[in-house]
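Chemist: Each protein sequence line maps, in turn, to chains A and B. Counting with full-length UniProt numbering, you get residues 1 to 253 for the letters of the first sequence. Counting with full-length UniProt numbering, you get residues 1 to 298 for the letters of the second sequence.
Since the hints were derived computationally from the structure, they do not count as laboratory data. Certain hints may be false.
Said to hold, decoys possible - In silico SDA-like pairs for lysine to any residue, Cα to Cα no more than 25 Å straight-line:
| hint | chain 1 | residue 1 | chain 2 | residue 2 |
| --- | --- | --- | --- | --- |
| 1 | B | K125 | A | D82 |
| 2 | A | K52 | A | A236 |
| 3 | B | K126 | A | E170 |
Quantities reported herein were computed from a predicted structural model and do not represent experimental measurements.
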Amino acid sequence: MMGRAVANEFAKMRRLRVTPVVFVMVAGVLAVSCVEFTASGFVESMGDPAGKPWQRLLASMSFSVLMLSPILLAVLASRQVDIEHQGNGWLLSRTSGLAPGYLCRVKFVAAGAVVVAATVAQSGLVFAGGALVGITVVFPAGQWLGYTALLVVVNLVLFALHLLLSARVENQLLGMGVGVLGVFFAVISTGLPQWLSHFLPPWGYYELIKPVEYREDGSLVSLAPSYVSVLALGAAGGVLFLLVTRQFDRREV
Amino acid sequence: MIITHDLGKTYGNRAVVDGLDLRVPEGCVYGFLGPNGSGKSTTMKMLLSLVRPTSGEIHIMGRPMRRSTRRELLGHIGSLIESPPAYGHLTGRENMRLVQRLLDLTDNQVTQAVRTVRLRDHLEKKVRDYSLGMKQRLGLAMALAREPRLLILDEPTNGLDPAGIEEIRRLLTKVADDGTTVMVSSHLLGEIDRTATVLGILGNGRMLFQGTRDELFARSVPDVLVDTSEPQRAAALTARWHTSRLDGATVRLSGLDDKATAGVVSLLVHEDIEIHGVRRDSQSLEDVFMDLTEERGL
Numbered sequence: 001m002m003g004r005a006v007a008n009e010f011a012k013m014r015r016l017r018v019t020p021v022v023f024v025m026v027a028g029v030l031a032v033s034c035v036e037f038t039a040s041g042f043v044e045s046m047g048d049p050a051g052k053p054w055q056r057l058l059a060s061m062s063f064s065v066l067m068l069s070p071i072l073l074a075v076l077a078s079r080q081v082d083i084e085h086q087g088n089g090w091l092l093s094r095t096s097g098l099a100p101g102y103l104c105r106v107k108f109v110a111a112g113a114v115v116v117a118a119t120v121a122q123s124g125l126v127f128a129g130g131a132l133v134g135i136t137v138v139f140p141a142g143q144w145l146g147y148t149a150l151l152v153v154v155n156l157v158l159f160a161l162h163l164l165l166s167a168r169v170e171n172q173l174l175g176m177g178v179g180v181l182g183v184f185f186a187v188i189s190t191g192l193p194q195w196l197s198h199f200l201p202p203w204g205y206y207e208l209i210k211p212v213e214y215r216e217d218g219s220l221v222s223l224a225p226s227y228v229s230v231l232a233l234g235a236a237g238g239v240l241f242l243l244v245t246r247q248f249d250r251r252e253v
Numbered sequence: 001m002i003i004t005h006d007l008g009k010t011y012g013n014r015a016v017v018d019g020l021d022l023r024v025p026e027g028c029v030y031g032f033l034g035p036n037g038s039g040k041s042t043t044m045k046m047l048l049s050l051v052r053p054t055s056g057e058i059h060i061m062g063r064p065m066r067r068s069t070r071r072e073l074l075g076h077i078g079s080l081i082e083s084p085p086a087y088g089h090l091t092g093r094e095n096m097r098l099v100q101r102l103l104d105l106t107d108n109q110v111t112q113a114v115r116t117v118r119l120r121d122h123l124e125k126k127v128r129d130y131s132l133g134m135k136q137r138l139g140l141a142m143a144l145a146r147e148p149r150l151l152i153l154d155e156p157t158n159g160l161d162p163a164g165i166e167e168i169r170r171l172l173t174k175v176a177d178d179g180t181t182v183m184v185s186s187h188l189l190g191e192i193d194r195t196a197t198v199l200g201i202l203g204n205g206r207m208l209f210q211g212t213r214d215e216l217f218a219r220s221v222p223d224v225l226v227d228t229s230e231p232q233r234a235a236a237l238t239a240r241w242h243t244s245r246l247d248g249a250t251v252r253l254s255g256l257d258d259k260a261t262a263g264v265v266s267l268l269v270h271e272d273i274e275i276h277g278v279r280r281d282s283q284s285l286e287d288v289f290m291d292l293t294e295e296r297g298l
């Protein structure tokens, strides 16, 4: 049943403008990250380990992700769920034996796969961009992949939150508003101490997963991302998502 | 096909459905009637497990409708509740394919359902460009594709023009002829009068009547009409014992059985009032329905 339902979710994505949204998500991050190529001293640093060209790209990418993901994930979730409100799809699924919470979980699996793919594509394309412009310094695979993995977790938690919000409140403006507010939270968390960012889940976690940071003197330092915090966020988000969708299952139409 | 025992649904202190004992025989078209707000939709939603009953039990196809049996039973029940479900950004064919995949149906089942509702020529159109009648037919095709043993339709003719209503009527007859039990609700008797073989009339969440058309007629006693030379005096005389009023030159007496009618005739003869004729008023099913619902102040 789950497999057929997931296949249906991919079929429903047709003409839902998922591709343009994902394109903006990936191309936006790539474009903003690539601005770093034009920054002063970047070209000179490409062959110099002390210049940390890969870390400079990572810093640029983590900033662009933080600016774009909250709103685009809200749009993506809203598109998936609004069709159920508009087309009486909750009822159609329910009378076919698929409870609303189950449908939300199915949507999470299907559209979540798109989110994961987009996140991996962002990371991969920024790496490819770096390689193409000719960075010859050794690629910090662990740091890069670690950041990508943590970003996947934060994006999925945020996406799940927006799915629930869009399913619970029929007016999709609320989800969009929260998306915009999310950008604001994510941006202000960059100026907060790390411990305070923990209190702005999940948006504050974009700051917690940041692998590199510019100091006031302009130097770029590597950070130890909060793996434990992000894993805790993922676990708590997963449990909450299950609990809320179970509650949706019992909701009357 | 459907049996409920003491089925009830309460929201706060308000009982929307109260002590309902439904009996829907297999193979019939069950016309579920009642004024707006009488509890028809809530009852149908309870049958489909969309709303949890506050009290009572539901048995469908001999099995209790429970969380554990819901999915399997729903596989044999087609339904159309509220507005017809369909994704506007997809075509009719793509919508049908969703149902096909979800319920693991064959191409033949889908083709047959589409043919039944005569929607074959519109399958490539996006549903957002469909008329209400076409959406209704697509909803029916989705319900029929699983080849249901039971079809539950909540006011399927709502918002349709006369041609659309006739189309749905024809469809219901065809589906029932093919052996599917159909339960269809309406607040207008005229819409399902000709298709329903069994009627259930609901008022304020309670069953006012359940049975065949003939049984419904038998339950209601038509007025007795007396044509006489002195209608005013006859009306005044009979008003002492019966509900009587003047209808032109005719005296109309309500609620009289045959014995009471004989008594009225004797009385008038005894008072030397000439009687030109005594007959029962002709009554349509609509009148009976209205009597029944108005009687209960609905």
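Chemist: Are the hints correct? Go through all of them and say.
Modeler: Hint check:
no.: 1; hint: B:K125 / A:D82; result: 21 Å, holds
no.: 2; hint: A:K52 / A:A236; result: 35 Å, violated
no.: 3; hint: B:K126 / A:E170; result: 23 Å, holds
The structure fails hint 2 only (numbered hints given earlier).
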